[in-house]
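Student: Put together the whole structure using the sequences plus the hints.
What follows is the residue order along each chain.
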Amino acid sequence: DTGVSQDPRHKITKRGQNVTFRCDPISEHNRLYWYRQTLGQGPEFLTYFQNEAQLEKSRLLSDRFSAERPKGSFSTLEIQRTEQGDSAMYLCASSKGNSNEKLFFGSGTQLSVL
Amino acid sequence: KNEVEQSPQNLTAQEGEFITINCSYSVGISALHWLQQHPGGGIVSLFMLSSGKKKHGRLIATINIQEKHSSLHITASHPRDSAVYICAVRPHFGNEKLTFGTGTRLTIIP
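The listed protein sequences correspond, in order, to chains G and Z. When we follow my numbering, the leftmost residue of the first sequence carries the number 5, and every step to the right adds one. When we follow my numbering, the leftmost residue of the second sequence carries the number 17, and every step to the right adds one.
Quick caveat, the hints were computed from the structure, so don't treat them as lab data. Hints may be right or wrong, so weigh each one.
As the list claims (entries may be wrong) - Coverage of chain G stretches by chain Z, computed from C-beta distances (three or more under 8 Å per stretch; other residues unrestricted):
1. 42-55
2. 58-65
Unchecked claim - Straight-line alpha carbon distances no greater than 35 Å define the calculated DSBU-like cross-link-like pairs of lysine-lysine that follow:
3. K70(Z) with K100(G)
4. K71(Z) with K61(G)
5. K15(G) with K100(G)
All of these numbers come straight from a predicted model, not from anything done at the bench. In this text, a Cβ means the ideal position worked out from N, Cα and C, and glycines have one as well.
Tutor: Structure follows, in structure tokens:
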């Protein structure tokens with residue numbers, strides 16, 4: 005399977021715990037995006053990488069959130085001290101180097117904070 | 017008011033009907049995406065448009081840049097078309113942030 009893969013598919017955690025999600029984009033894709041989606045809403049942009057550089061970050065991304073893409077391949081999104089409001093689907097997408105390239109999405113990680 | 021508005025929010029139709037889903041946006045854009053999301057979260061990109069019209073199989077997408085409006089049409093609809101269809105815009109060249117609509121839930125009844 006050469007699509008975008010995300011791990012884990014589901015994560016249940018207690019409030020206050022830290023969680024980390026991983027995204028493996030399509031191998032030749034330079035751009036990687038993280039989005040968050042809550043029930044009944046469209047996805048909201050969190051951050052994006054061009055290779056290993058984090059070039060844009062939403063104001064939605066509080067200081068409890070950090071994302072990395074250390075070698076320009078896979079990316080991780082960490083949430084520290086989780087809150088119930090962090091419960092959502094976290095989606096990763098990738099594309100080639102052009103702004104107007106088609107996006108390819110992973111299946112997402114569903115986070116539930118109890 | 018959201019930057020991207022979709023209508024209708026929900027649509028139920030009989031198999032075989034011609035389907036139209038609308039998307040209006042309030043900002044200048046460099047591109048508009050139509051996406052399909054099935055239960056469980058998986059999102060598939062259907063089209064990316066910056067002008068005119070695109071067709072793929074039974075799906076047709078059109079965009080009118082002057083009127084800030086796009087439509088997604090499905091001909092000869094089928095139950096497997098049942099999904100949430102999401103419109104997303106890229107506000108201006110160089111800005112990577114896509115702004116999404118809340119989606120249209122389509123249900124096709126056999």
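Student: Next, verify each hint and record whether it holds.
Tutor: Okay, the hints, checked on the actual structure:
no.	hint	result
1	42-55	holds (count 7)
2	58-65	holds (count 3)
3	K70(Z) with K100(G)	holds (21 Å)
4	K71(Z) with K61(G)	holds (34 Å)
5	K15(G) with K100(G)	holds (29 Å)
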